[in-house]
Amino acid sequence: MGNKPEQEELLLNHSKNSRKGGLITMPFIIVNESCEKLASYGLLPNMIIYITTFYHMEAASASVLLALWTALSNGLGLFGAFLSDSYLGRFRAVAIGTISSLIGMCILWLTTIIPQLRPSPCGQHQHGCDGTTAVQFAILLCSFGLISIGTGFNRPCSIAFGADQLENKENPDNERLIDSYFNWYYASVGVSLVLAVTVIVYIQDHFGWRIGFAVPALLMVISVSIFLIGSPLYIKAKARGSLFTGLFQVAVAAFRKRHINVQLNNNDDCYYREPESNHLEPSADFRCLNRACIIEDPHVELKPDGKVSDPWNLCCVEQVELLKCFLRVLPMWSTCLILLVAIGQTFSIFQMMTMDRHVFSLFEIPAGSFGIITLIAWTIWVALYDRILVPLLSRYTGHPTGLSPVSRMGISLILGCMATALQAITETIRRNKAIEAGFEDDPNAVLNMSWMWFVPHFALYGVAEAFNVVGQIEFIYSLFPKSMSSFASAMYTFGLAIASLISSFLVSMVDNVTSAGGNTSWLASNINRGHLDYFYWLLTFLSFINLLYFMIVYRFTEHHHDGRNSLYHEAEE
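If you're matching positions, the sequence shown starts at 57 in the numbering used here and goes up one per residue.
Careful, some of the hints might be misleading.
[Claimed, not checked] For each label pair, taking beta carbons as the anchor points, the in silico distance ranges come out as:
1) Pro331 <-> Thr435: 41 to 49 Å
2) Ala216 <-> Trp368: 23 to 31 Å
3) Leu445 <-> Ala340: 34 to 42 Å
4) Ile170 <-> Val438: 39 to 47 Å
[Unchecked claim] Result set (DSSO-like, lysine-lysine): computed pairs, CA atoms no more than 30 Å apart in a straight line:
5) Lys76 <-> Lys294
6) Lys363 <-> Lys313
7) Lys294 <-> Lys380
Calculated directly from the structure, the hints in this document are not laboratory data. We treat Cβ as the ideally placed atom computed from N, Cα and C, and that holds for glycine.
Assemble the whole structure, with the sequences as input and the hints as a guide.
See the structure below:
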């Protein structure tokens with residue numbers, strides 16, 4: 057009888073929501089996300105050119121700034137997901153994120169049309185350029201910050217918000233419908249990425265920054281308008297609490313009970329479990345966390361109905377095991393960071409600006425559009441692997457996906473080493489040609505060297521990233537329960553944030569060390585005088601060390617590599 061009010065509330069909410077949601081909401085959500093992706097990703101390829109040209113920053117400093125911006129955008133994804141699940145709800149999170157991105161892009165666009173918002177251009181007869189004032193730099197950072205907030209709120213919540221509209225357990229085809237939605241969602245994201253690095257970059261190159269930044273701002277106007285127009289049709293689920301809160305509760309509870317001797321508590325009855333739970337006791341690894349689910353005084357720690365009085369002092373076994381799952385994946389997850397650092401470098405655009413980028417003498421590819429090679433290689437390889445190689449490999453390996461997730465991660469690191477080495481060799485050839493042609497002091501001169509030289513390492517990066525992303529997400533997914541499947545993509549996004557921070561530190565350190573004593577920095581804006589090739593060889597060395605680290609991690613954690621965590625496997629069967 058005690059559950060009757062809750063059941064009536066659920067039935068009431070279901071009757072209200074039954075008139076909302078459904079396929080009619082999909083165009084609003086997908087258009088919103090597609091426009092946001094198209095706008096935000098369209099800004100990235102050429103942004104380093106805009107900053108170095110109009111804000112008079114050195115290439116290394118601009119690269120550090122953009123790496124920090126990327127880290128903030130990806131890192132706020134976890135914060136946005138936490139606020140959405142705990143307080144705001146997904147509709148408000150997506151709305152706030154979209155509006156924030158719109159304001160940020162409008163401010164960025166204003167820097168192109170209001171001269172006072174950026175430094176004065178360098179005159180031909182000036183010995184130096186006017187520096188960026190604190191106000192001008194603050195306005196630029198404000199635009200970046202607002203776009204990052206928008207990204208952090210919108211991206212982790214948009215896809216889940218769309219799934220909320222289709223969630224209907226009474227529909228026998230509901231699972232297929234949601235799966236179809238995911239396919240269309242990711243297809244629209246893929247199309248947006250392609251258009252961002254081609255069409256938007258082309259507009260910036262050929263029509264100038266005013267129009268080039270106005271187009272993303274206009275796309276965000278469309279994104280906000282379309283999303284809000286569909287508001288009366290949406291199912292707006294209330295915030296129910298975040299998974300991350302539960303993980304923090306385990307850590308706090310374990311610390312509060314640090315006086316307990318875990319080895320003396322081997323009785324199953326001393327552990328708190330959720331009703332009908334299959335977890336009788338916590339696992340043996342990370343035993344210090346087991347204190348969080350040990351019941352010291354049931355009269356104080358439990359309510360009369362058996363629920364926990366203070367979740368920050370007592371957690372259930374399931375919560376403890378979730379945190380342990382997170383800790384188990386950290387070592388293998390960390391092996392992919394250096395690969396992401398190498399892939400995320402922005403200096404290649406300066407190299408491409410010196411290359412002959414013509415196609416059949418009729419069309420010149422924008423320097424910022426060569427990321428499309430990586431996307432194409434990624435797409436082709438995923439399709440080739442899924443349709444051709446998986447059936448062949450599965451016969452020999454016995455693995456349904458051809459290669460195990462960890463094997464694919466290892467292959468991605470090998471390909472990453474090859475790609476960075478090839479990139480270093482290509483830059484050495486390019487730099488030597490520039491010096492032989494007398495362009496040592498002219499970094500903008502175009503060499504008699506085809507852009508095709510850069511295709512192999514871009515393509516290798518695409519295949520490496522395809523192996524890495526799919527393998528990493530599948531590996532993390534195999535250790536977590538199905539209820540936490542979205543946590544795998546969140547871990548990858550968090551990895552992008554950490555990799556960007558590492559990249560900013562590495563670039564800053566290399567620039568400071570190599571420019572000491574009045575020497576020319578390896579990462580000088582004049583790449584013909586600098587030594588980008590040395591920097592790429594450094595990345596190659598770090599990639600090789602990282603490969604050895606991967607082998608060590610694999611050796612000591614291989615008992616986790618054979619599928620789903622046994623505890624959850626048993627619980628979910």
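inquiry  = Hint compliance check: list the failing hint numbers for this structure, sorted ascending.
reply    = Of the numbered hints, all hold.
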